[in-house]
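This is what each chain is made of:
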Amino acid sequence: MLQSKPRAVANPVVDTQAMSRADASDLPVLLRLGPGGGILRSEGADEELAAVVANARRLGRLAGQLLGMDPFVAMECTLASGRLLIYDEDNGETVALRVRNEASLQSLRERLGLA
Amino acid sequence: MTTETRTPREQIRASLIALKDVYGIAGSFVFARGGYVVARELPPMFDDLTLAEAGTRLALLQETFAAVGDRLDSAVLRFRDHRIYVKPLSCGALCIITVGSVNMPVLRMAANLVGHRITPVLEPIADDPPPVDPTSPQLASATRRLRGRNVD
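Residue numbers (the working numbering), protein chains in the order written: chain E, 1 to 115; chain C, 1001 to 1152.
There may be inaccurate statements among the hints.
[To be verified] Short derived list, chain E residues pointing at chain C, Cβ under 8 Å: (1) Gly60; (2) Leu62; (3) Glu102; (4) Ser107.
Rather than coming from a laboratory, the hints here were simulated on the basis of the structure.
Here the structure is a predicted model, which means the values were calculated and not measured.
Think of the CB as a built atom: it goes at the ideal place given N, C-alpha and C, for glycine as much as any other residue.
Please model the entire structure based on the sequences and the hints provided.
If you want it as structure tokens, here you go:
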């Protein structure tokens, strides 16, 4: 297994409130889940998406753990319906953003501290 | 005209070896429907049982999106030092493990090319039962379960 070193750089807790205003056109869906999977905030997301995000994040984290790749940072999914970015914050919350195909995922990663 | 004498697994593995030409790729593996590992090109520290368990989770990841009528075209799982690039195929998935920085457009292109190459080879064997290795930990654990139920 790959050795997991202590986490050196913490993920920033992102001000999605401000981000949602600035990037509303690029991010049509914003979802924030609590550590238990409950919906803390939802803009354009339904409960079905919340369940998908919670399960996808759990499976991705598990797959990484099995391969010795803890800690999970983020997951970028390219779907038939568009792109979905899921990431963990240090407070244990999970954020999911649907990203329009025209939007730059790289600049979003940089703003979120995921680059 | 040349005749392919290698087994499908050997052909798939040859494609995985070619992936290592891309800077940052530590290795890769392919799992079939159900998650069992068909071919791998990874250091021995990754045992087949662990890869199969990870493969099962990644297969479920595909199914999670399929269950709501969506289709996963690719996924990048980012961990602190590593990434897992998952390229779903019609009969399984190609998983690529990267370390440090990797050129993502190159990785995507390489995954697409290898995916196209291995899909016709993987299709006929995707539903075959996994090969039984007498030294595998999977078999050892099955034997323990049998003994636990007093079955000889």
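Checked hints:
For Gly60(E), the shortest C-beta to C-beta distance to chain C is roughly 5 Å, which falls under 8 Å, so the interface hint holds. Because the closest C-beta pair between Leu62(E) and chain C is about 5 Å apart, less than 8 Å, the hint holds. Hint status for Glu102(E): violated, given a least beta-carbon distance of 17 Å to chain C, over 8 Å. Given hint, Ser107(E) at the interface with chain C, is violated; its Cβ is 14 Å from that chain's nearest Cβ, farther than 8 Å.
Comparing the model with each earlier hint shows violations of hints 3 and 4; every other hint is respected.
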